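There are 2 protein chains.
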Amino acid sequence: MQRSRFLVMLCGMALHAGFVCPAIFADEGMWLFNNLPRKQLAEKYKFDPTAEWTDHVMKSSVRFNSGGSGSFVSSTGLVLTNHHVGADTLHKISTAGHDYYKEGFWAKTHAEEPKAPDLELNVLQSIEDVTGRVNAAVKPEMSSSEAFVARRGVISTIEKESFDKTGLRSDVVTLYQGGQYHLYRYKKYTDIRLVFAPEFEIAFFGGDPDNFEYPRYDLDVCLFRAYEDDKPAKIEHFLKWSKSGAIDGELVFVSGHPGKTDRLNTVAALKYIRDVQAPAMLDWLRRREIMLQQFGERSEEQSRIAKEDLFGVQNSRKAYYGRIAGLQDPEILGRKEAAERAIRAKFDSDPQMKKSYGDAWEKIEQTQKTRREIGVQVNVLEGARGFNSTVFSIARTLVRLAEENEKPNRERLPEFSEAARDSLELGLYSTAPIYDDLELAKLTDSLGYLLEKLGGENPLAQKVMNGKNPAARAAELVGGTKIKDVAERKRIAAGGRKEIAESKDPLIVLARLVDPESRAIRKKLEEQVVEIERQAYAQISRAQFEMHGTSTYPDATFTLRLSYGPVKGYEENGKTIDPLTTMGGAFQHATAHGNRSPWKLPDSWQKHEGDIDPKTPYNFVSTCDIIGGNSGSPVINRAGEFVGIIFDGNIQSLVGDFVYDERQNRAVSVHSASIIESLKKIYGAAPLAEELGH
Amino acid sequence: MQRSRFLVMLCGMALHAGFVCPAIFADEGMWLFNNLPRKQLAEKYKFDPTAEWTDHVMKSSVRFNSGGSGSFVSSTGLVLTNHHVGADTLHKISTAGHDYYKEGFWAKTHAEEPKAPDLELNVLQSIEDVTGRVNAAVKPEMSSSEAFVARRGVISTIEKESFDKTGLRSDVVTLYQGGQYHLYRYKKYTDIRLVFAPEFEIAFFGGDPDNFEYPRYDLDVCLFRAYEDDKPAKIEHFLKWSKSGAIDGELVFVSGHPGKTDRLNTVAALKYIRDVQAPAMLDWLRRREIMLQQFGERSEEQSRIAKEDLFGVQNSRKAYYGRIAGLQDPEILGRKEAAERAIRAKFDSDPQMKKSYGDAWEKIEQTQKTRREIGVQVNVLEGARGFNSTVFSIARTLVRLAEENEKPNRERLPEFSEAARDSLELGLYSTAPIYDDLELAKLTDSLGYLLEKLGGENPLAQKVMNGKNPAARAAELVGGTKIKDVAERKRIAAGGRKEIAESKDPLIVLARLVDPESRAIRKKLEEQVVEIERQAYAQISRAQFEMHGTSTYPDATFTLRLSYGPVKGYEENGKTIDPLTTMGGAFQHATAHGNRSPWKLPDSWQKHEGDIDPKTPYNFVSTCDIIGGNSGSPVINRAGEFVGIIFDGNIQSLVGDFVYDERQNRAVSVHSASIIESLKKIYGAAPLAEELGH
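Protein chains in written order, with numbering that gives the first Met the number 0: chain A, 0 to 693; chain B, 0 to 693.
Simulated from the structure, these hints should not be mistaken for lab results.
Note that the coordinates shown come from a computational prediction; the quantities given were computed from them, not determined experimentally.
Note that the Cβ used here is the ideal one computed from N, Cα and C, for glycine as well.
Hints may be right or wrong, so weigh each one.
Under the rule of at most 30 Å between Cα atoms (straight-line distance), these lysine-lysine pairs were calculated in the BS3-like manner [as the list claims (entries may be wrong)]:
1. A/Lys467 x A/Lys483
2. A/Lys58 x A/Lys306
3. A/Lys368 x B/Lys523
4. A/Lys368 x B/Lys270
5. A/Lys306 x B/Lys270
6. A/Lys101 x B/Lys462
7. A/Lys368 x B/Lys462
8. A/Lys259 x B/Lys467
9. B/Lys362 x B/Lys270
10. A/Lys239 x A/Lys159
11. A/Lys606 x A/Lys680
FRET-style restraints, in silico, Cβ to Cβ [stated by the list, open to error]:
12. B/Asp435 x A/Asp602: 37 to 43 Å
13. A/Asn465 x B/Ala519: 50 to 56 Å
14. A/Lys353 x B/Asn465: 52 to 58 Å
15. A/Asn465 x B/Asp660: 19 to 25 Å
16. B/Glu516 x A/Ala338: 30 to 36 Å
17. A/Ser142 x B/Lys503: 55 to 61 Å
18. B/Gly479 x A/Tyr44: 41 to 47 Å
19. A/Ala338 x B/Asp435: 35 to 41 Å
20. B/Ala337 x A/Arg371: 34 to 40 Å
Start from the sequences, fold in the hints, and give me the full structure.
Following this line, the structure appears as structure tokens:
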């Protein structure tokens, strides 16, 4: 399961960057749609992606702004993604009486399709290289602080111009960590409704123990429908369902949105992740895991309320275990060190290269020191780990909105820019339920975290606590705020700076109190770390481009990428792992674990065991290169047809943040055939299978 | 549940100390048997403990060296303690086929009583003040390093002399953090056999959610029998079972072994715990909790293997939450600060006092800085958090044993002194099972912890890893060692230093590698922190004795203490909590939670619901002042009869590490009547009830 791992990364600050490595092995790569690996595909697979093929795949691919991928699979607006990508919405539309997340759902008519409160889907329409314009705005004589401001300014301006001109969501994306800047334009859908979801038990069959493992037997899918003008959207580009689905050995493609990789990081940057960033993240995840477990144990209803959060945290925790295990492996880091030594030796041997680019590694080594100094404050304050709650997140947005609105567009924090405003408001005015008791548990724990991390004597920490202990302070905040009410949020936002300045709402007061210090630490991070790293990595990138051209792929940035490779098994501890499992295998797997949770099949499956064809292919692995954020990505054959949907990577794929190794790294998918088989034979949803062309 | 919390503390280094506070409130106090609060008892309760009463209670009280308390309850050697104190043994004697810990047990005959592999019970026989002799060995002109060595030397000598003379286990106990030294002599029992345990489900009914909560419904008891010469020991001093058991409002006493409190710490020392020690401990506990959960999820057998460890960790984690919540409460710390200011002002106003004692607080403030500097290394190396496994613990003991054996007794590490040798060997040569897969999971996680804490570039860390990642290194260590075999341990121990030096056993090699640095950091802690604090706290203590006399109690030290107070309910959130629950209430509590785990009553209880008297008192609370280590302590009435057994404190008692507040702090016990009722009516163990006098 990859979604939440990426979500978690989104919630934190972007704390890493990368450098371009020229050596591409095997089927490695998360390729840009405007720079596909035509040579490799032609040589190894005799495949040439035509402009039409590429455009069709691109426009059929969907980004879930909540942190995952998906695809259009019908002209009638059906969007297929993972159950665990839809989970955020499934949870938000659930109540004590109706648990969509746990029990599953099928809307027999359009009228029965419940609307997601805050889901935004993006479909990429075009890519434009704006590197020249961005770089022209940053002058060599500028300090890193000036450079950061100038760069942010020109990016905001480009985005606004594009948005004004096209009406499309327009994002300038930093690629090769500053080597290139591309403008991505997206068509946006914000009226998204639920059509189908299976039960949690089968979507996440095998639970945490089986997560990131293979073989697997999960029906990790759900179907939404995009609406426009209150009608199902008419979709031109959608993926047709393959007759056979994925076949052992065939070449397949994954078109999706990998969230973030650090493959091109310098060794110093990797060691920072290994020794500081990842351990701190893991402590934070384990802390929340225990807190949510304890909360959920209290009652059935609390268990329901906490479940989606808990699942996300467990998923991230397991993913981070793999991440840190990779960095703690001397072989992997040794390979990185050897590669870095080789490239630095090359630079050192060329005086001109040395002069232009040679100090990049030292610069990045320096910024790691700054990261170590400010990391805790960044996480606690700007990363809001000290205030983990929906209400604080709303309060901070309101406080900042009032301040940012008064600035010219180009000077605003990017998330408050005009181009981003619609997306911001979709979240801010979401009608998703806010549960007081969960808010209280999270905020109590998180204020305790703040005290631990900043220290009890820290003046800001003492002001935050207001003379109380974490539990009492959280109760005062959650009990006293009115911003749980959407109308109140709108009222405060309309009142602007004056309203914020005079507000007595305890959460607005808290967000106001914290904001100066939080903004200051963010500024320090941006200007003394991010900008310096961007320049340093850009130096390395440019040198590499000079030496090797741009026939490579940049680190993942939650933008659309294409991966490729065959459906293929692997060897593990001397055993051969078959690439495909079957639906019948799910029943055997349940029996092997005594049918105890999390290996208990849902009633619907037990009831219909005799109805399904047990040989139906169920899950499969391919060598496609993916990472968190790719969850829900369609798997496509040469004909551009849908043959499966990514939902996980195996345990050996978790080091994919840093390296790709074709020997064992595998992407795990649900096979297209099993989706149709279960819709028809288990869920009695033949009309839906028909809408998908079956 | 208090046991494991104390066990965990035992496993770490003694990192705190205390100062004597003269103000005793209400029923506060963990009193020394040779300095009971006669005045308070006489004034408030008109009770005068006679020498006979005191001697009888003392000699009926039992210390479980594994980290808890208990009492003799028959002339035939029966020892009553908590199920969770016996858990360590219940787990060790269990196999895949017979899970004593989960299923419970009753031995109908002596022949059926299984023997604990490494349990030692201590019964206090006498106390002797040796303060003068200890202090005389430490000269004013000595450096703190010399002072530490001299003090340790004289203590070892006193212990050995006493042991040689009496044959009794002889421990010199540091009281008032150095204000006094007393010699405690114990009769020792090492042939301990299991007689009765109920099911885990009822011993820990309500599980983690109900742990440290009240009202409660737990039968947290088990019965062992002490043997001598392969026959049931003949016990002169044992507690007679009261007819009525504890009654609302009556004065009761708790005679047990509170493990450790920090009530008398200076504010600087408390802030160190709040900001550094406790957060680090909680991260460590949560890490292990997740690891053990994941391990246990894999299969029923792995769940069984990990369960006792997991339960201990969860118990400690919940206890530490209460502990840190107390320190993060400005009211509690504010009270401490005010008290400290007052006493320092008094010192400042008296030039002689100021001169003799005035710099004590600054000294302790300084040592907190040293603690911050060395804390991580102490925990990882000497605390062995980097090598968490039974096999490492055995290997380290063997390596040190060979080295310490060559030193004169007075220069040895205390755990290797001659007086402690029997106890050491009982553990070292224990036949308790060692599970390879659990060892592997623990050691893998823990080597990862070592890398995180020391940093991947640390030279010792790199040597420890031997060029491998944590999983591969742990597999090499656990797979390659032979010290899982007791005979091999004995062979190595017999071979002495030469055997250790030449050993190729990977765990011996590892322990040998780590030992110099580990010993060095321990030395630094002992000489630059512990000794300085001991002298500084002793300064404060002596000043207090001068001002107020010694009519107070020292911080807990896992030695026998007496607490007192009435059986009494309390107010919580405006609600009155009754002091007693009933056996019938257990069924209602289960129903209120839908009978789902951990509120599922065992089959035996469900089957015999109609047989028991539902009004039988079950659990009760009293104001007695207890802490971790007190688990299993007998609750005694004025007549010296057994009326209940301590098994927990309520959530408000968890700050008891630092302060006692009679308003809500409550000790939670199993009522004597419910033990008899369940033995007779639920477990069909009438002969056992008869042996207890019923």
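Hints, one by one, checked against the model:
Between the alpha carbons of A/Lys467 and A/Lys483 the distance comes to roughly 23 Å, so the proposed pair stays at or under 30 Å and holds. Between A/Lys58 and A/Lys306, the direct Cα distance comes to roughly 34 Å. Violation of the 30 Å bound is thereby established for this hinted pair. Restraint check for A/Lys368 and B/Lys523: satisfied, since their Cα atoms lie roughly 29 Å apart, inside the 30 Å limit. With a CA separation close to 27 Å, the supplied pair A/Lys368 and B/Lys270 stays within the 30 Å bound.
The straight-line distance between the Cα atoms of A/Lys306 and B/Lys270 is roughly 35 Å, outside the 30 Å bound, and the hint therefore fails. Distance restraint check for A/Lys101 and B/Lys462: the Cα-Cα separation of roughly 48 Å exceeds the 30 Å cut-off, and the hinted pair is therefore not satisfied. Distance restraint check for A/Lys368 and B/Lys462: the Cα-Cα separation of roughly 25 Å lies within the 30 Å cut-off, and the hinted pair is therefore satisfied. Restraint check: the Cα-Cα separation between A/Lys259 and B/Lys467 comes to about 27 Å, which is no more than 30 Å; the hinted pair holds.
A distance of roughly 15 Å separates the Cα atoms of B/Lys362 and B/Lys270; the hinted pair therefore holds under the 30 Å criterion. Restraint check for A/Lys239 and A/Lys159: the C-alpha separation of about 35 Å exceeds 30 Å, so the hint is violated. Of the supplied pair hints, the one linking A/Lys606 and A/Lys680 holds, its CA atoms being roughly 10 Å apart against a limit of 30 Å. Between B/Asp435 and A/Asp602 the Cβ separation comes to about 39 Å, which falls inside the hinted range of 37 to 43 Å.
A C-beta distance of roughly 45 Å is found between A/Asn465 and B/Ala519, which places it outside the suggested range of 50 to 56 Å. A hinted range of 52 to 58 Å for the beta carbons of A/Lys353 and B/Asn465 is inconsistent with their spacing of about 37 Å. Between A/Asn465 and B/Asp660 the C-beta distance comes to about 22 Å, which sits within the given range of 19 to 25 Å. A hinted range of 30 to 36 Å for the beta carbons of B/Glu516 and A/Ala338 is consistent with their spacing of about 33 Å.
Restraint check, A/Ser142 to B/Lys503: a C-beta distance of roughly 60 Å satisfies the suggested window 55 to 61 Å. Checked against the given bound of 41 to 47 Å, the beta carbons of B/Gly479 and A/Tyr44, roughly 45 Å apart, stay inside it. A hinted range of 35 to 41 Å holds for the C-beta pair A/Ala338 and B/Asp435, which are about 37 Å apart. One distance hint, 34 to 40 Å for the beta-carbon pair B/Ala337 and A/Arg371, holds here, with the actual separation near 38 Å.
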